[in-house]
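Novice: Sequence:
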Amino acid sequence: MGKPRYHLILLLFILFSSPRIGQNKAYAQGINSNKSGNTTPFDVGVILDNSTWIGNISWGCMSMALEDFYNSSSNFNKRISLHLRDVNKDDPVSSAFAAVDLLKNVQVQAIIGPQTSQQAKFIIELGNNSQVPIISFTAKSPSLSSMQSPFFIRTGINDTSQANVLASLVQHFRWKQVVPIYADTDFGNGIIPHLIDAFAEVDARVPYRSPIPISASDADIGRELEKLKEMQTRVFIVHMEYSLGFKLFSNAKKAGMMGKGYVWITTYGLTDIVDLMGPSATNVMQGVLGIKPYITENNKKLQDFKARWRKRFNLENPFADQVTDPSTVFGLWAYDTVWALAKAAENVSATNYTFSMNNVRNNTTDLESIGQSQIGSELTQKISNTKFYGISGKFHLVDRQLETNNFEIVNVVGNKRLRIGFWTQAYGVSQRLNSTVDVKVHRWPGGSPDAPKGWEWPTNGQTLRIGVPVKPGFQEFVNVSHSPPTGYCIDVFNLVMGSLPYNVAYNYTPFADPKDSNQMNGTYDDLVYQVFLKNFDAVVGDITVIANRSRTPISLCLTLSLICVWWFQSRMSTGRMHGHLPSH
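If you want the numbering used here, it's the 1-based position in the sequence shown plus 78.
A hint or two may mislead.
[Unchecked claim] The list that follows gives simulated cross-link-like pairs (lysine-lysine, BS3-like), each with its CA atoms no further than 30 Å apart: (1) K593 with K612; (2) K325 with K338; (3) K379 with K421; (4) K156 with K460; (5) K307 with K518; (6) K549 with K531; (7) K156 with K421; (8) K378 with K494; (9) K549 with K460; (10) K338 with K389; (11) K156 with K472; (12) K494 with K307; (13) K378 with K465; (14) K389 with K378; (15) K182 with K156; (16) K307 with K325; (17) K305 with K465; (18) K465 with K421; (19) K593 with K332; (20) K307 with K612; (21) K305 with K325; (22) K472 with K518; (23) K472 with K379; (24) K156 with K378; (25) K338 with K307; (26) K379 with K338.
None of these hints come from the bench; they were simulated from the model.
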């Protein structure tokens, strides 16, 4: 049985198991600033989880949008009334109950929401059957296609839009391996195929994927992080919601994974966590990079809105000491969504807002018992064609999805996040919006000023043993009287290892006589032969390449006569090295 059919059966059960769906946990709240009484009510449903930051902030922004729209002029024929259903974002069944209630008992002309992609799957089907537009600014999964669902409108951006941004960032810093860590939900899984394709385009591999269940405990996350520590990749893309993201970074800090050598990049759904959670988030996210849709701050309407929003939010939430700024992109999109819907409603020519029941038979057992909106098709078209400059910037839908071309790149430093650059289709990653000036990261994890190489010797990998000759003369080449050894050969080898695009742990071991540490334990031939015997992984010193030594199965020789670095290739592909050296 296919998934659409499964959803249909579930919705049938929901529809007929309760005549007044949504009354237990959900509640309705109408917002209507109609003072003249000469306008036609226009009912709109809203499905959010007000126990979450996104739900709470978005509802406040939507309420203000409605007030601002109708205060901007008195020449309106219709007046939207919002009917809120407060449901758990992780419960798609409750969301479906709420949607059926809004459609069957309120006969709303549109539904704004729900909050997650998992919820949206069910509700979009209801919208298609009832011909009521479902408008979501938070359901970002690419699996929710507006092309396949004629009444689904996404007033946020599709997650696929940020895949190329992340790939460009990885390419910019020349990282060759990336591990995505994501919520094991429709929202989290939806972006992964697009990420892998985008990384492949810039020659970056994804050697491992790390899905995290939303119900994961600290212990569960800790075990997964320990597994990641044992791998070589140190570049992590984090794609999840705030609560799970905060738990992940808190445990990553405990595991020592927020230090030098690590790279953490958040997708835009998580980047605003610093604004929402304040010091709680910044304390565990120092050096993290994030991307988010670029919203110009040179917008008088936005600045005025922020000032009024802070005042209102503090009055309504006197005990909330974290959120002081509504600039989370979802809040701004929520505001513009209501504004766009109000403009579209004004342009709808039809005046009969009751649902058509022409095709409904007595005792019917299908979803047609809800009926169909008589203005749904026209309203969907009007919303799709609506264009204006809102508080989030240009509101313009392409194929019923919000279009955005620019992203900003931020860096968590101290108690805030700093904008360090942009991504545009024209210039890629750059410090300024319309230039190719290089991006400068203010702080990497661990406080390092230099970009991590993105690859480390795994914590369970054994350190390379580098053999060096012991001799009384020519100490300017190799001198083992110091620890670690010094000399020209040692300096060159250190330079070569330091230039690799990943870090390799190694120790120097003098090839000394057990009875006299100042004498070598045999000849140079014996020293080279130790690599073949697997007592050393490499040999560094003033070693001359001669015929009998070249027959030894060693793959790499650097600097003939003066300095030779012998590398035994089979050691790189055995279990000792865990087979993880990159192929580039």
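Novice: State for each hint whether it applies.
Specialist: Evaluation of the provided hints:
1. For the proposed pair K593 and K612, the alpha carbon gap of about 22 Å is at most 30 Å, so the pair holds.
2. Between K325 and K338, the direct Cα distance comes to roughly 20 Å. Compliance with the 30 Å bound is thereby established for this hinted pair.
3. Distance restraint check for K379 and K421: the Cα-Cα separation of roughly 17 Å lies within the 30 Å cut-off, and the hinted pair is therefore satisfied.
4. For a cut-off of 30 Å, the pair hint linking K156 to K460 stands: about 15 Å separates their Cα positions.
5. Proposed proximity of K307 and K518 is supported: the alpha carbons are some 27 Å apart, at most 30 Å.
6. A C-alpha spacing of about 36 Å is found between K549 and K531, which places the hinted pair above 30 Å, so the restraint is violated.
7. The suggested pairing of K156 with K421 holds, with an alpha-carbon distance near 10 Å, which does not exceed 30 Å.
8. Of the pairs offered as hints, the one joining K378 and K494 holds, with about 23 Å between alpha carbons and a cut-off of 30 Å not exceeded.
9. With a C-alpha separation of about 86 Å, the suggested pair K549 and K460 falls outside the 30 Å cut-off, and the hint is violated.
10. Pair hint K338 plus K389 does not hold up; C-alpha atoms about 41 Å apart against a cutoff of 30 Å.
11. Proximity of K156 to K472 is assessed by CA-CA distance (about 24 Å); at most 30 Å being required, the pair is judged to hold.
12. A distance of roughly 27 Å separates the Cα atoms of K494 and K307; the hinted pair therefore holds under the 30 Å criterion.
13. Of the supplied pair hints, the one linking K378 and K465 holds, its CA atoms being roughly 18 Å apart against a limit of 30 Å.
14. Distance check on the hinted pair: K389 and K378 sit about 17 Å apart at the alpha-carbon level, within 30 Å; holds.
15. The hinted pair formed by K182 and K156 meets the criterion: a straight-line CA distance of about 21 Å does not exceed 30 Å.
16. For a cut-off of 30 Å, the pair hint linking K307 to K325 stands: about 17 Å separates their Cα positions.
17. The suggested pairing of K305 with K465 is violated, with an alpha-carbon distance near 49 Å, which exceeds 30 Å.
18. Restraint check for K465 and K421: satisfied, since their Cα atoms lie roughly 9 Å apart, inside the 30 Å limit.
19. At roughly 46 Å between alpha-carbon atoms, K593 and K332 are farther apart than 30 Å, so this suggested pair is violated.
20. For a cut-off of 30 Å, the pair hint linking K307 to K612 stands: about 27 Å separates their Cα positions.
21. Using a Cα cut-off of 30 Å, the hinted pair K305 and K325 holds, with the two alpha carbons roughly 17 Å apart.
22. For the hint linking K472 to K518, the alpha-carbon distance of about 28 Å falls within 30 Å, and the restraint holds.
23. With a C-alpha separation of about 13 Å, the suggested pair K472 and K379 falls inside the 30 Å cut-off, and the hint holds.
24. Proposed proximity of K156 and K378 is supported: the alpha carbons are some 27 Å apart, at most 30 Å.
25. In summary, the hint linking K338 to K307 is supported, as the alpha carbons are separated by about 13 Å, within the 30 Å threshold.
26. Of the supplied pair hints, the one linking K379 and K338 is violated, its CA atoms being roughly 42 Å apart against a limit of 30 Å.
Consistency with the previously given hints fails for numbers 6, 9, 10, 17, 19 and 26, ordered from lowest to highest.
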